[in-house]
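**Q** Listed below are the residues making up each chain.
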Amino acid sequence: MNKLITLVCCCWLILLSSSARAQLQGVELDSPELIPSFTLSEKDGSLFTAQDLKDSWTLLMFGFNSCPDVCPFTLHNLEAALAETALRVRPDNLPRVVFISVDPERDRETVSDYARFFHPDFRGVTGEQEQIDVLVNATDSFYRYMPADSSGYYEVQHSSAVSVVGPDGMVRAKLQPPFHAGKTAEFLARLQIAYRRGDG
Amino acid sequence: MKSTLIALLTLFSSYAWCTELSVRDAYVPLMPPASKTYAAYMSIVNASERNRTITKVSADGFGMTHLHNSVEKDGVASMELLHMLEIPAGETVILSPGARHIMLMMRSKKVSKGDMIKITLSFSDGEVVTVEAVVREFN
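Protein sequence lines correspond, in order, to chains A and B.
Under our numbering, the residue at position 32 of the first sequence is numbered 32, and the numbers go up by one with no gaps.
Under our numbering, the residue at position 12 of the second sequence is numbered 12, and the numbers go up by one with no gaps.
Hints are computed from structural coordinates only; laboratory data are not their basis.
Fair warning: there could be bad hints in the mix.
As the list claims (entries may be wrong) - List of simulated lysine-lysine pairs, DSS-like, C-alpha gap at most 27 Å:
| no. | chain 1 | residue 1 | chain 2 | residue 2 |
| --- | --- | --- | --- | --- |
| 1 | A | 43 | B | 110 |
| 2 | B | 56 | B | 109 |
| 3 | A | 174 | A | 54 |
| 4 | B | 113 | B | 36 |
| 5 | A | 43 | A | 54 |
| 6 | B | 118 | B | 36 |
| 7 | B | 118 | B | 56 |
| 8 | B | 36 | B | 56 |
| 9 | B | 36 | B | 110 |
| 10 | A | 183 | B | 113 |
| 11 | B | 73 | A | 174 |
| 12 | B | 36 | A | 43 |
| 13 | B | 113 | A | 43 |
| 14 | B | 118 | B | 73 |
| 15 | A | 54 | A | 183 |
| 16 | B | 56 | B | 110 |
| 17 | B | 109 | A | 43 |
Sequences and hints are given; from them, build the entire structure.
**A** Take a look at the structure:
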């Protein structure tokens, strides 16, 4: 009997620690947030609206194209994480990645090519400031323009987390750096299982 | 004779410094074609017995080059300008994605996969080290 109790405790501890490890890459929101109506667009004029968030999982990332380190690093890691996720979920459950430039002034013409550079299916969008702000607020994200230097270059500080939107159009979780491919994939797969069970 | 000896010694000592500082694995990740801003990563090895400090960086084909550190504080990603970068005696400082890096701005010519970008590291003691960083995929 003692052996059985020990075995059960060990299994429980292993489950607990593996669950904690998986959680490191992301945080599930206690109360999912519905994203209200917004309109952004790609370079070719294709619209990106709240309708595009329905019926599929979406990862929303904020950034800007003149960001030389964090943004390409994140997009590259997301590409790797999605390749891992593809091994764990059905093709129609594989999240779509949308890169939202919070710097429309400089990025309107380049944002779509920028995102596609990291994966042909990644979408890059931007738009009017107030439309960007709808998504920023709904995902509890942040950005701020820094003063320009003597060359006119300015940095844009922005949230590092990536928002996970469920097929119901609600923000359900945040992915956090460093976006480790395997752990992020594990987190996304668990999130989807919880969602289908109705306890997500 | 004495001045020749001093000159030779100076030459020898500066040569010795050169061999004590080295750079490994210098690369610049390929970016989307329209990008004007790139990052360079590398490992800077200081095999000498004294600390060395980089005070200036420059890169061929870029109008402006800075030493930067990407920081994440309270969930917000931002960059801080580093006015200098110390390479402690006997240590290796690694510039890597998501952390310290050399930011290359104001690109003046096309950057393609396989290109070598010449980056110059200037140290506080006057030594200058030039590095050839290869342009390659992000990995």
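**Q** Tell me the numbers of any earlier hints that the structure contravenes, in ascending order.
**A** The structure conflicts with hints 10, 14, although it agrees with all the remaining ones.
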